Amino acid sequence: GAVVSQHPSRVICKSGTSVKIECRSLDFQATTMFWYRQFPKQSLMLMATSNEGSKATYEQGVEKDKFLINHASLTLSTLTVTSAHPEDSSFYICSARDGGTYKNIQYFGAGTRLSVL
Amino acid sequence: EDKVVQSPLSLVVHEGDTVTLNCSYEVTNFRSLLWYKQEKKAPTFLFMLTSSGIEKKSGRLSSILDKKELFSILNITATQTGDSAVYLCAVEVDSNYQLIWGAGTKLIIKP
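Chains as they are written, first to last, in this note's numbering: chain S, 634 to 750; chain U, 376 to 486.
Only chain S is shown next, with the shape it has when bound in the complex (with noise of 0.2 Å):
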């Protein structure tokens, strides 16, 4: 199947500095991707909707400024918590969706769970 790869899996960083998490599809093309913050006990919550080359379609209430979205080519997306704050701290998830060979399945990465201390 198909596999996306998330790094880094565990972040622990200080209060004001910038984060950035990358999500890579390695045996597919991805032509969308997709950004998820999960609360523990709680479902996946969309925040951004990123199309390779263009700019990210954000969810109400995402802050597109403080959450950065890079869709640079068709196997890599990176998001960027600027400025990070204890408020950020969560669990991030990626998806990747391919229409071709995968025929139409998002497939996620492992997350990333980022500490604000």
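I should point out that these hints are in silico values taken from the structure, not numbers from a laboratory. Wrong hints could be hidden among the right ones.
[To be verified] For lysine-lysine, the following DSS-like pairs were computed, each having C-alpha atoms within a straight-line distance of at most 30 Å:
# : chain 1 : residue 1 : chain 2 : residue 2
1 : U       : K378      : U       : K416
2 : S       : K674      : U       : K378
3 : U       : K378      : S       : K688
[Said to hold, decoys possible] One side only, chain U facing chain S, incomplete, derived with CB under 8 Å:
# : residue
4 : F405
5 : V468
6 : N471
Quick caveat, the model's predicted, so the values are computed rather than measured. Glycine is no exception: its CB is placed at the ideal position from the N, C-alpha and C atoms.
Put chain U on the given structure of chain S with help from the hints.
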């Protein structure tokens, strides 16, 4: 408003039992229904269903979709402790490929 409802929200059974997890949906522009398993990390893909009445099988897991009644079931036979997880149902809608998520069913298998 599009919505996906899963039931039960949680379920505790003993090893060897068979379980059925339910997912009903009300969406416009249905494209597909997907089942995922989530343990401690991110969801792993189980099945994608697009047509009514065609059962998908993978080992002890199977799933089927009823597009007339707008629901899907996920069956797990001869459950094992390793099946303990949250099972998520999601519906992809045509407009933007986004997934509408159910709240999940937390399944606990006791030895």
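Q. Looking back at the numbered hints, which does the structure fail to meet, lowest number first?
A. As far as the earlier hints go, 4 and 5 are violated by this structure, in ascending order.
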